[in-house]
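Novice: Both chains come to you apart, so use the hints to assemble them.
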Amino acid sequence: MSKISSIVFFVLALTFAGASASFAQTTKYKCMIQMTNYMGEGAYISISLVDSKGAYEKTLYVLGSDKKWYKTLKEWNKFYLKNQAGVSAITGASVTGGDRSVNVIEIENSKINTGYKLRFESAVEDKAYNVKDLEIPLTTETLSAKSEGTGYIRYVRFSAN
Amino acid sequence: MTISVWRYSHLALAVSSFLLLTLASVTGIILAFQPVAEKIKPYRADSFNKVSLAYTLPVLRQTYPGITELSVDANHFVQVKGTDAEGKKLLAYVDPQTGKIIGTPGKQSEFFQWVTALHRSLFLHEAGRFFIGLTAFLLMLITVSGTILIIQRQRGLKRFFTRIARDNFAQYYHVVLGRLSLIPIFIVALSGTYLSLARFGLIETPKQSPKIDFDAIRSKPEKKAADFAIFKETKLSDVESVEFPFSEDVEDYYTLKLKAREVAVNQVTGEILAEVKYPVSVMLTNLSLDLHTGRASGIWAVVLAVASANILFFIYSGFAITLKRRANRTKNKYKAGESNIIILVGSENGNTFGFAQAIHQSLLKAGEKSHITELNNYTVFPEAKHLIVATATYGLGDPPTNATKFAALVKKHPQQNPVHYSVLGFGSHAYPDFCKFAYEVNSLLSHQEWASPLTDIHTVNDRSPQEFSLWAEAWSQQAGIPLNVLPQLQNTQPKDLDTFTVTATTSATRTDGTFTIQLQGKRRLRVNSGDLLAIYPMNDHRERLYSIGLIAGQVNLSVRLQPDGLGSGFLHRLKVGEKISARIVENKHFYFPQEAKEVILISNGTGIAPFLGMISQNTNKTPCRLYCGFRQRSSFEMYESLLLENHASGQLSSIHTAFSREGEKQYVSDLIERDAGLISAALEAGSVLMICGSLAMQKDVMELLETICSKKAGKSISYYQSHNQVLSDCY
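Protein sequences, first through last, are from chains A and B. Start counting the first sequence at 1; every next residue gets the next number (the numbering used here). Start counting the second sequence at 1001; every next residue gets the next number (the numbering used here).
In case anyone wonders, no lab produced these hints; they're calculated from the structure. Please note: incorrect hints may appear among the correct ones.
[As the list claims (entries may be wrong)] Below, in silico cross-link-like pairs of lysine to aspartate or glutamate (EDC-like), each with a Cα-Cα straight-line distance of 16 angstroms or less: (1) B:K1088 x A:E106; (2) A:K146 x B:D1249; (3) A:K30 x B:E1086; (4) B:K1107 x A:D66; (5) A:K68 x B:E1110; (6) A:K28 x B:E1086; (7) B:K1211 x B:E1275; (8) B:K1207 x A:E41; (9) A:K30 x B:E1069; (10) A:K30 x B:E1248; (11) B:K1041 x B:E1086; (12) A:K30 x B:E1110; (13) A:K146 x B:D1095; (14) B:K1089 x A:E106; (15) A:K67 x B:E1110; (16) A:K127 x B:E1126; (17) A:K146 x B:D1252.
[Claimed, not checked] If we take Cβ atoms under 8 angstroms as the criterion, some of the chain B residues that face chain A in the derived model are: (18) S1071; (19) Q1208; (20) S1209; (21) S1237; (22) E1240; (23) E1243; (24) F1246.
Every residue, glycine too, gets a C-beta built ideally from N, C-alpha and C.
With the rest of the complex left out, here is chain B (with noise of 0.2 angstroms):
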């Protein structure tokens, strides 16, 4: 609940405030190469810190007699105005102890003083102020609820700069980021906040000058400048800037705007007439200009750029994780407790989302108050008079992640009124256990006494099409309730296909068993060793799905000839140098990691595909382990000749071997269980396991490492699976 405010308001601030924050922080980062530009020039002279106003003043009185007025600037570059001996306007940078000249001020870069209006004001003026002011002051309130939320992810400040756990790439660098640049940025908008406020009058600044009393002004004693008290404490580094007097009456004095008050000097006694010190206010303004120009300090502008840039970043980064979140989320019309209809989905990957999506928009359009949302949702539903479960299964039989506790909820909820149901479950033939979720789930309400079933349950294959229309079809007759599901129903059809040309195969010698493929895709192709090539055997809604492994830059797959198998069929049956079409599906889970001290491979059958190209691609020379079961040694040597070629280069620093129907007739899982220990070590120090095969072999595989490493280690496998140190990809 929490979170979600935080997290409500975080994204509230920034949808209301991206636009002119855009704006601000392109022309800040342009602003902040201002202050780098000008430290760079040669105007700093070495001494200035040690200088005292006694010495410099009569110096440059005398070598410039027409001077009217000395400052200091941010960059340390001291500067005098006046006229000089011919009445020319004088105006150079000069050496405070020799009063030589250095150099002379540019005139404002009319770019810089362009940017910066923009930057200020929008070119709108008063408007245009108020606007961007306003603007600092939600990006302030962006930082703090930005904070909030990652110690909410991090549970707890001390977990603050403890690793990330990553999600995407959007998510994932929008909090790292955000960990390194939050005080720079808060800083930035802090400080740009008490600016606006200070314009705006909200915070007074008000000026004040010394009040001098021209009564009381005295001639004498006479002092020559050098001798004067104030002069010799006040060191230059202290100066903003000294206004000489105007003639040489006595009732003309010296104003130095000291960096913390002004005072009034006689110019003859060296006297203090007056002095008024700022207010605190003022002080706070120039320090905050220092922090939202970075004026003062050539490091900190970069810093500011940096930040600046940043703030793009997460514009960019923070709608990009937006909007996947909207993507995944389910709209809802009616409430749940209102609906009289209620679609409830298992699905794995969203392929089922999208037909329960077409039922519930089709349902909408009929005008019935319909409601979708996932089984593990379930809950009473005390207008409900229909209810349609829509499910896949998943690995063997399981119930997909989002429906696993539906048994026991609908065991806790009982409804109290009598509802209808109907159970379409999807699936496919290729595997076993075809929609047994699905049978599990129907046979569960069957028991209900609150459920009376609608239709009997209904399969559909493949995404089929008209297997679901059928099921349309027999709901809509029984509930009398018109449902057109099929125009509802996108992405049926294969999109965006590429086109692949086959350039070797083994299927001519292999003609049962394994084989291997080689295509070669576009030039260009976006595909990585882990991505799945979909393809479409009957050039239909049939897709087939076949992990990648990437060498050379060819895609390569490994694959086992199923009896009348429909992807595999159609494989073995490709000449090199036919085309197909297919798409790459990315699968960024199961990429081999950037960095990790070690990398330990599982695989059983044709899962090694994506593993021989990992190791082909490690060029790093990441330590990695392959662990790879066969039914029989001849399927091994397939790959044999490549696995060594690896290990003798240091890519692949060993191979283990299992064979289930030959030799010892050992499993992938019995090399685990002899390595136990130095696996669990492994974990422990930080490796990364990848598991690929059948889901029978993950199963063995998992439950074997459970035990090692709650036995060694005393933690469960859950643990480095959280912290992304075990990966799968089974099928």
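Here chain A stands alone, though its shape is the one from the complex (with noise of 0.2 angstroms):
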């Protein structure tokens, strides 16, 4: 049942694409990262949507503005580098230690439940960095669960918007 859905579906997106060619159809999420109380400057984090492979597809939110700190997001950074399209308009306030941040975040539904992964990279100024503060595969489940960080990030929750 699934199968065929996803069979209309790609159908759909297809004749949908070929009606438009540029746009794809996406949704708004709100994403909540919680941070844990670690003592210093402001994190530097960025969420990326990554294939199965682990490769970046496209950048979905950066927190922290100074692009003078993106080379501490060190593996992002190889791939912001080469996209810097479009990316200030998703940029938003670095977070520090303890608080939360509340971004809207745009997912191509088409990516969804479809292998895709959530990347979230973080960096502090001295600290450490993490590669995968975290990571999640991009499902319905996940956009409804909350999923604990490993890093600086206590945890991330999503909601529809």
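Specialist: See the structure below:
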């Protein structure tokens, strides 16, 4: 059943894509990041869409606006340097220990439940860098649950906007 | 002793931190404008202080269903964050009463971000932060040591804000501004130090979140947010931020971050789920941030900018003071106790020191243990074999100020071993009592049992290098020590001379006695009445000084033609249009006071010259009395019309003349005696007295003033001298 629906969806999507080539259907989610009570400067966090092999597909959100610190998000920065277009529009303030940050991210529906993952990468000026502070499969299930981070992030929650 | 310890610390601290301090001050001045620039934006709601959360939260939640956070910044701007109806990002300043958007926060200026990073960490991250923190700490110590220095300087805490004696520009304003900006600078330094300590974890500022027992969360009784007790009692002015519940689930709650605590509030019942008070260290960090950045008050931010600018001035003036002090200090490689050759110097204005230094350097080059010091520092020199006295004579055959105690010291400290001495006197034959003090020293030493002369006394007229090297040869031969002084001798040839053109002279009509001459210097020449003009009649080392009166931008000299006078003869021969080379010698201690109740000018003969300029420049019309003495009325007549003109315009209140060879045969001191009560009262009221003319006149007037002042005011004239109320320039 689910196979059929996904085929239908695929066909629909194709038709849709044919009708207006550049518009893919997307959904907005509220994404709340709750930080641990670490001490120190504000953390820089990038939220990226990565494919099943772990390759960066798209930057969904960046917390931290001073570009000079982007290099501390080592892996993501390599991708960012080649794909900077549009990133400044989805950039917010960095977030310090104990705080939470709620932001809206936009995800293409076609990426959900199709093997893609969401990666939360974090770095603090003079402290450790977490390439996968949190990485979760991009599924309808994770988008409604609470996921625990491993670094500066205590947990992440989503809700459809 | 104690003063030098504090001064040394003050200097050492300043030297070790001035580079970073300069950087921090410059960036600090720039950063002070950030809060000022923010404050003037119109995002502050008037109702801010009155509104409670119970009122504002429901309003905001209704207007913006997608609101996730409300925050109140240091400027009292209320900001909301979340998503709007279309699901787009919402970030705006709102009126907390109506929920209306009044503005959107701009992006933080990249420029200020850049400057902030430089100010905090020099772009060096942790290492930079450490050095900046250390600089803040050093600045704190500098402030403390500076305060102690001011207390010592003013002789007591109670006199901290009393008048400061003025030596020179750098020193005076270093102290004046130091007193004024002491407190803000100390606050900047202290708060900066605290922030650094907190940053490096030496002061713990732990983050704590309210601990919530999720099992105990209840969903009844349901209340409206407007009725929550905690919301009612919390005014917006106590709030830093409010985080709205992420969803309507009862386990999601409000988090109120207040000024002193963090509270978690059940979104259904309004119960306080948990709360945590900030530790004192966190409160202090916030206070330090307010004080260090000026973010809470625009006025304080401006004060901080001014204080930072003052730090820059202190760095400049501090170094100016130090360099000046070092320039005046003689460096000794060997201590007095271990030296074989002791050079004792008596010098009034440093010229003689220059010659003595030449001897000293030459001896050191020859491998001798030589020590140079002032005559007043005479004591027992256990290793001394040779004593060289190089001294000028001051006034009427008196010792220079750094030689006044020498005679007494010689009596007190006889040398234990036989010592050879040699005396070298400096002076000019233009004055009577040529090298008189040098002769006195020579005779004094000749009577000491331990002393035997190595050479006869030598004198150097008009800084003549020939006569100087003559002494050096004689001494060298007798002592068997090579002494090659001439290469060491600097400043005997005039340097940096300007060209002056003669524009007027009365030499043709006045073939003897006094004449006046007017010279035009180059444009933008820095000269003031009271400065001296140094001329070089023979284009060699011989220099003659004349007091300048600046009238209508022209250098005016009054000169008494001396028989065979080197300088006066030279000036007398000059014709209009001729050019001469000369230089201005700054003489700041004899400038007309900027602020004084009244100025009393006393002169005799050509000593009136600087006063003529000062009176012409007295456009502020400071009350000004002139007492001037001459030999004949005809000398006065040269100046009479100018003085009467100035009197009519109010620049000169009164003129009193004395003629010593005509009429009543009065001296200027007789006029002072006549007006004794008036002058004593004027001094007591803060007037300034200026004396210019012959040393003999100065001596008479000062003695007279001493009697007058002690009789009428019970104070010695030295009291007024030390308060810069008696200025003199005599020759």
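Novice: Output the numbers, in ascending order, of every earlier hint that fails for this structure.
Specialist: Numbers 11, 12, 13, 18, 21, 22 - these are the hints that the structure violates, sorted from lowest upward.
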